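Undergrad: Below, each chain spelled out in residue letters.
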Amino acid sequence: MKVSIKVNGVEYEKDVEPRTLLAYFLREDCGLTGTHVGCDTSSCGCCVVVMDGERAVKACTMFAAQADGHEILTVEGLAQGGALHPLQQAFWDQHGLQCGYCTPGMLMTSYVLLKHKPNPTEAEIREELSGNLCRCTGYNNIVKAVRQAAEAQQAAPATK
Amino acid sequence: MIPAAFDYLRASSTDDAFAHLQRLGADARVLAGGQSLIPAMRFRLARPAVLVDINAVDELNYIRMDGPALTMGAIVRDSDVERAPWIGERGWSLIHDVSRVVADPVVRQMGTVVGSLCHNDPSGDWPAVALAARAELVVRGKTGTRTVTIDQFLVDSFTTVVEEGEMALAVRFPVPDDRTAGSYQKVERKVGDYATAAVAVQVSLDVEGAVREVGIALSAAGPCAVRVTEAEALLKGQKPTADLIRAAAEAASKKSDPQADLRGSIDYKKNLAGVLVSRGLRHALARLGVQS
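Going line by line, the protein sequences match chains A and B. Quick note: the first sequence uses the numbering used here, first residue 1, plus one each step. Quick note: the second sequence uses the numbering used here, first residue 1, plus one each step.
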């Protein structure tokens with residue numbers, strides 16, 4: 001079947017099997033390998049992407065067909081004109097990643113968290129990220145990074 | 001793990017979805033949030049020939065307070081409930097509690113309440129909650145739309161009254177009065193795991209402080225979520241006391257019929273069901289200002 005999905009502002013028109021999962025569509029059909037596949041069974045959150053700007057979804061548990069006509073934001077779409085997104089900058093500053101495998105999912109889940117709750121408490125960040133696993137167990141710095149990004153975005157609300 | 005091949009149909013309206021389901025019968029499954037169905041398809045535990053996607057059916061995307069009931073359409077997400085403006089009200093405290101512990105926060109942004117009820121996983125959260133809150137389901141069938149109580153709706157493991165060619169359109173929760181509160185108690189090894197045991201409780205008191213109405217239901221305690229009628233009967237009409245709560249907890253332990261697995265032995269889980277009923281009742285009563 002034909003699908004037309006806008007990923008990071010670019011329209012991708014592809015012919016896919018209905019059983020093609022969104023994560024594989026992004027990685028293999030669009031060549032956007034920033035979205036990682038970890039557990040492949042909706043447990044780990046590595047594959048989280050943002051749908052229509054407001055919903056974090058596990059791309060391994062959604063068909064590309066379901067995203068037909070929708071907008072998807074992946075980690076590749078966060079930086080603008082060479083400048084890191086406040087979340088990316090904060091992960092850098094706070095050492096919010098070790099091996100980096102879970103990082104795209106952490107970023108995209110946090111992106112939606114900050115949309116709905118621009119000033120989350122530490123407890124709220126931990127709760128919201130509880131579906132994202134970091135096997136390096138670097139959670140403390142991840143949480144600090146999300147706090148930093150929240151503060152940065154509040155100081156400069158014009159950023160995305 | 002890629003699912004077996006299937007055909008995909010995107011329904012544009014309830015009528016459109018229903019027409020597809022009527023035509024395809026046993027070959028079709030409704031795709032709502034997909035957070036249980038898609039993993040099941042990936043493990044090849046489910047192999048529907050056709051998926052009828054209802055995510056674009058806007059007329060099923062509503063939460064309405066109309067008169068005596070709160071009605072949620074078939075594609076209302078767990079996260080919609082979590083963020084609903086009324087969710088902090090005491091009367092909705094059972095729904096409040098469950099909306100924060102279904103699966104994990106990302107899964108909740110896709111997963112739907114009605115989908116969870118239709119899936120009827122023995123360890124699911126919403127079936128027990130719907131029992132305790134005495135919900136009803138709106139089901140569309142060949143001869144029209146009917147309303148069924150949650151007790152009728154839940155038939156057995158992964159089985160409901162929704163027949164081939166039919167679909168559940170909405171769930172209705174009775175609007176609680178101002179002397180109603182609930183609690184959802186779930187023990188899980190980690191966020192996103194199946195519950196080791198879970199209990200849904202909702203209590204309504206009369207002006208004298210006696211129990212006017214009570215719902216107590218267990219999840220992960222047998223092949224299907226189950227109402228502990230024995231515990232409800234003990235409490236109904238009585239002023240809650242520590243002894244009554246203990247007796248209700250014992251009735252729940254007795255009713256619980258779990259399987260042993262990595263999460264615990266049968267004895268442990270039976271005991272836990274009782275402990276959680278006790279905690280849930282105390283929590284609900286504390287929300288009503290009653291110490292027990």
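Quick caveat, the hints were computed from the structure, so don't treat them as lab data. Careful: at least some of the hints might be erroneous.
Pair by pair, the computed Cβ-Cβ distance ranges are [as the list claims (entries may be wrong)]:
1. B:Gly144 / A:Glu11: 51 to 57 Å
2. A:Glu17 / B:Glu230: 26 to 32 Å
3. A:His116 / B:Ala286: 25 to 31 Å
4. A:His95 / B:Thr145: 52 to 58 Å
5. B:Asp261 / A:Glu127: 24 to 30 Å
6. B:Ala5 / A:Ala83: 42 to 48 Å
7. A:Glu127 / B:Thr149: 47 to 53 Å
8. A:Glu127 / B:Gln238: 19 to 25 Å
9. B:Met65 / A:Ser4: 51 to 57 Å
10. B:Phe43 / A:Glu71: 26 to 32 Å
11. B:Phe43 / A:Gln89: 38 to 44 Å
With a cut-off of at most 27 Å between alpha-carbon atoms, the simulated DSS-like pairs for lysine-lysine come out as follows [stated by the list, open to error]:
12. B:Lys190 / A:Lys144
13. B:Lys254 / B:Lys236
14. A:Lys115 / B:Lys190
15. B:Lys190 / A:Lys117
Note that the structure is predicted; figures quoted are calculated from it, not measured. Positions of the beta carbon are idealized from the N, C-alpha and C atoms, including for glycine.
Undergrad: Evaluate each hint against the coordinates.
TA: Evaluation of the provided hints:
1. Between Gly144 (chain B) and Glu11 (chain A) the Cβ separation comes to about 43 Å, which falls outside the hinted range of 51 to 57 Å.
2. Between Glu17 (chain A) and Glu230 (chain B) the CB atoms are about 51 Å apart, so this pair departs from the stated range of 26 to 32 Å.
3. Restraint check, His116 (chain A) to Ala286 (chain B): a C-beta distance of roughly 29 Å satisfies the suggested window 25 to 31 Å.
4. The hinted window of 52 to 58 Å between His95 (chain A) and Thr145 (chain B) holds, with their beta carbons roughly 57 Å apart.
5. The hinted range of 24 to 30 Å is satisfied by Asp261 (chain B) and Glu127 (chain A), whose Cβ atoms lie roughly 26 Å apart.
6. For the pair Ala5 (chain B) and Ala83 (chain A), the beta carbons lie near 43 Å from each other, so the given range of 42 to 48 Å is met.
7. For the hinted restraint 47 to 53 Å between Glu127 (chain A) and Thr149 (chain B), the CB-CB distance of approximately 34 Å leaves it violated.
8. Taking 19 to 25 Å as the suggested C-beta distance range, the pair Glu127 (chain A) and Gln238 (chain B) does not conform, at roughly 37 Å.
9. Between Met65 (chain B) and Ser4 (chain A) the beta carbons are some 37 Å apart, a value that contradicts the proposed interval 51 to 57 Å.
10. For the pair Phe43 (chain B) and Glu71 (chain A), the beta carbons lie near 30 Å from each other, so the given range of 26 to 32 Å is met.
11. As the Cβ distance of Phe43 (chain B) to Gln89 (chain A) is approximately 39 Å, the hint placing it in 38 to 44 Å holds.
12. At roughly 22 Å between alpha-carbon atoms, Lys190 (chain B) and Lys144 (chain A) fall within 27 Å of each other, so this suggested pair holds.
13. The straight-line distance between the Cα atoms of Lys254 (chain B) and Lys236 (chain B) is roughly 19 Å, inside the 27 Å bound, and the hint therefore holds.
14. Between Lys115 (chain A) and Lys190 (chain B) the CA atoms are separated by roughly 26 Å; this keeps the pair inside 27 Å, and the hint holds.
15. Of the pairs offered as hints, the one joining Lys190 (chain B) and Lys117 (chain A) holds, with about 24 Å between alpha carbons and a cut-off of 27 Å not exceeded.
Checked against the numbered hints above, the structure violates hints 1, 2, 7, 8, 9; every other hint is satisfied.
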